[in-house]
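Asker: So the chains spell out like this:
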Amino acid sequence: MLSTLVAGLGAGAAPSGWSTLVLTVLLTPAAALVLVTLTRNRRHAEAITVFSGILVVVQTLGLVSGVISQGQFSAMGGYLYLDAFGALVLIPIAGVGFVAALYSVSYMGRQYERGVVDDGHLVRYYQGFNCFVLTMLLVPLSNNMGLMWVAIEATTLVSVFMIMLYTNQGAMEAAWKYLIVATIGLSLALLGIVLFSYANTSVSPSAAASGSALNWTSMAADSRLLDPGIVKIAFVFVLVGLGTKAGLAPMHTWLPDAHGEAPTPVSALLSGVLLNCAIYGVLRFYIVASGTLGAALPSELMIILGLLSMGIASASIYFQKDMKRMLAFSSVEHMGIVSLAVGFGGFIGFFAALLHIVNHAIAKPLLFFASGAVSQRYETKVMAEIKGVIKTMPVTGALLLVGGLAIAGMPPFNIFLSEFMVLTSGFGGGQFIAGSLMILLLVVIFAGFLRHLVPMVFGSPKGPGVAVPASERPGERGAGLPAILAMGILVVLVVVLGLYVPQPLQTLIREAVQVFGQGAPTI
Amino acid sequence: MQIPLSEILTLTAVGLLLSTFGVVLRRSFEGWLSAYRYQSIILAGSTAVIAYETGYWEIYAAAILTLVIKAVVIPRLLVSVTESVKDEFKIEANPYVSIRLSLLISALLVALSYGLIHETLVSTSLGVYALTYLPVSLSLFFVGLFVMVSRRMALNQVVGLLIIENGLFLFTTALTQGVSLIIEVGILADILVGVMISALLLLRMSQTFDSFDMASLESLKDD
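Residue numbers (the numbering used here), protein chains in the order written: chain F, 16 to 538; chain W, -8 to 214.
Just chain F, with the same shape it has in the complex:
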């Protein structure tokens, strides 16, 4: 173990170009955190965070080009690693991190003007924001699964801290539930990860000696040899544990509270990319487990959890009253779809799962951003009290409509494309019952979304905040320019990715499906 540490430090002294970039992409938000702490000024904190977001996006694009040209690379003596699968999770984190920083300037600025938060809160907010991005970036960059667990647990702690920014009863209740449920879930996951590592140590003395038994690359390479009895238990522990954090039903109970009560930019990060980090962890172990046990049992478990999540989400969306909670339940639905797609398997199934992860990470933040601007204007999150958004705020209203239709699976937007592929893989693989159930639930969810969305967007303007004359509302100018820019970027992606999948993304997803092929021999 000591030798790996020394090797890690040695690699740090004379690393290859890509390994350096892996380190600097992590150091960027860390540096931003330090700078925000040093300046303690609201305006500076905003600028630093947005600038750090741009830098992270640029470096991530560099890393992605490296993955496309080179396949994969590791850093820090094997602790860190990036392949096409990791890159697909990394891109949304960087991208949504940047647009959420932009949106924060408008949204948190407006909260500041309304007197909801003060200067101290905002400095704490931007400290937390950078720390949150840092911990999330670490998840897809970890090769050591223990390190990945530490990073995921850290995301819980940072996001609890950010939900606690608001001191109302609802926020505290949500933060407490989230902290307790997610930590219990992650404890189970750690038990599973340690069992995987133990199974790996028993068959590979070299991995045990070099301390790399916890590395995913080592587990995946040995996956055919591991003890099936241990791997079966270990995978169930990891699935339940990380599934809790990914919001898969029936372990999703904390999610609507936490996502509903967090500040809106944080909700967008929680829903859009943090869930991806957790489902990414599940899938890494799915690959190892399906190598050991064959694809049948792990796939069955994924299909059951997927359908259960979609089922619970469909009822909750249909009868929902609170706008943000509806979006939160929609995240439960979409994580269910990803899980279902992986369960269906085959080339199209895995391709659809990975594409859906990316698509959801684009459409859901758009919808959260638009709804955040709306609830600030109308001063309520209750959907029955929000009417005629398209008349009071034309741009935001149009974005809310597009985002809502996209997330509900309406063509020609991006979510429709990946959902259609999931169905294709289901019926193509002979999963007729699961496929039919999925269609049924998608229809219910679509109806539920339209039922809430149409009166909100159209209809004659009405709502608690709308009655106040414009002159008495401080700084009322629609959503604000940075927020419109953030939503503009996302809506362009929603439309473009609905029409076709660009070549670099396609290459990346194809290569990531090859990573899945390490486990499931059917591809």
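Don't read these hints as lab results, they were simulated from the structure.
Chain F is faced by these chain W residues, among others (derived, beta-carbon under 8 Å):
(1) Ile155
(2) Ile178
(3) Leu192
(4) Arg195
The C-beta atom is built at its ideal place from N, Cα and C for all residues, glycine as well.
For this one, chain F is given, so just place chain W on it according to the hints.
Answerer: Only chain W this time, still in chain F's reference frame:
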């Protein structure tokens, strides 16, 4: 005089289980905390035994870290944060499951843990310390989980969480001779920050809510 290893193992295992039952039996915050402190000291001892057996210096370091952070820092932190909290919020007067029944269920959970380990792992080649400590670690895990769901007081849930973490730590150390030290330190740091954040949240809640009673945390739901 040479004390045989098996006796040290048995003694520490019994100590760990007894301290867990201490948390189940006691009704006051001071009671839970002192039981947790004893448990952490014994846990550090058990870790040192494993370190001596395997000869890895990293495990000695983990034992020392356990002693310092879990037996000293965390209890002090919790005591100092909850100083201003009224006494009635620190007493589990009316748990969801009565103390007597809790004791019975906890005993069953310990039996279940021994059964599980012997069913699943006994075929593989495990060291003598692993065979002694693995069932104990699972017991800690399950009893901690049970404490978390069966009690009303938020403080009791924090202690339940800490027992789960102790169980996890013992499980990791006994089964794989500890994952690398960097990861151990990361896990410990997560626990420490987690306790700090939960303590901060508790303090806020004590100022806002009338009690730490979990029943007051039920305003967010779908109807």
